[in-house]
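Numbering of the sequence shown is given in our numbering, commencing with residue 21 and proceeding in unit increments.
Keep in mind that the hints were calculated from the coordinates and are not lab data.
These numbers were taken from a predicted model, which means no experiment stands behind them.
Every residue gets a Cβ at the ideal spot worked out from N, C-alpha and C, and that includes glycine.
You may find that some hints are simply not true.
Claimed, not checked - Each pair of labels, with its calculated beta carbon distance range:
id, residue 1, residue 2, range
1, 128, 33, 43 to 51 angstroms
2, 139, 46, 41 to 49 angstroms
3, 74, 124, 14 to 22 angstroms
4, 81, 45, 47 to 55 angstroms
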Amino acid sequence: MDLRRVLLVRRWTRARRRRLMHMYLMYHYMSFVLKTPKRNSVLTGSLWVTERLSGNEEAFVEEFRMPKQVFALLVSELVQVAGLKATRQVSANEQLALFLFFAGHHSSSAQLQSRFQHSGETVTRCASISKVTATLRIIPFYKKKGQLTTFLFFGEKC
Numbered sequence: 021m022d023l024r025r026v027l028l029v030r031r032w033t034r035a036r037r038r039r040l041m042h043m044y045l046m047y048h049y050m051s052f053v054l055k056t057p058k059r060n061s062v063l064t065g066s067l068w069v070t071e072r073l074s075g076n077e078e079a080f081v082e083e084f085r086m087p088k089q090v091f092a093l094l095v096s097e098l099v100q101v102a103g104l105k106a107t108r109q110v111s112a113n114e115q116l117a118l119f120l121f122f123a124g125h126h127s128s129s130a131q132l133q134s135r136f137q138h139s140g141e142t143v144t145r146c147a148s149i150s151k152v153t154a155t156l157r158i159i160p161f162y163k164k165k166g167q168l169t170t171f172l173f174f175g176e177k178c
């Protein structure tokens with residue numbers, strides 16, 4: 021009777037080990053082998069910005085909170101005066117668009133990564149405080165002495 025019990029316990033233990041190994045192999049395959057691309061949109065960030073620049077004016081204002089002409093002037097001023105530089109991966113237009121999208125929509129890093137098809141590191145570099153300081157460097161060129169610095173977001177009648 022004891023021998024039967026021992027054999028039964030051994031058989032049960034082997035079957036349990038096989039099930040556990042099978043579950044571990046399935047987990048490993050699903051986690052590390054079977055991968056789907058994360059950022060595989062047809063439109064990369066630069067193509068999306070180009071599409072917006074050549075598209076509808078109202079849609080552009082909804083996305084970036086400024087007209088196309090102001091965007092183009094701001095990019096040229098940031099490049100010429102504030103020293104904004106294009107990198108191998110991200111143009112000056114796309115850097116400004118990414119920053120404006122971030123500021124205008126309160127977007128998270130994950131949303132920016134998905135929209136602009138860039139890694140988290142690239143998004144962080146483009147939406148960083150250095151872009152704000154570059155923008156602040158050009159303010160003295162446009163602000164007149166004694167001019168009020170308050171901003172009216174909704175007009176004077178609100």
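Looking back at the numbered hints, which does the structure fail to meet, lowest number first? 2
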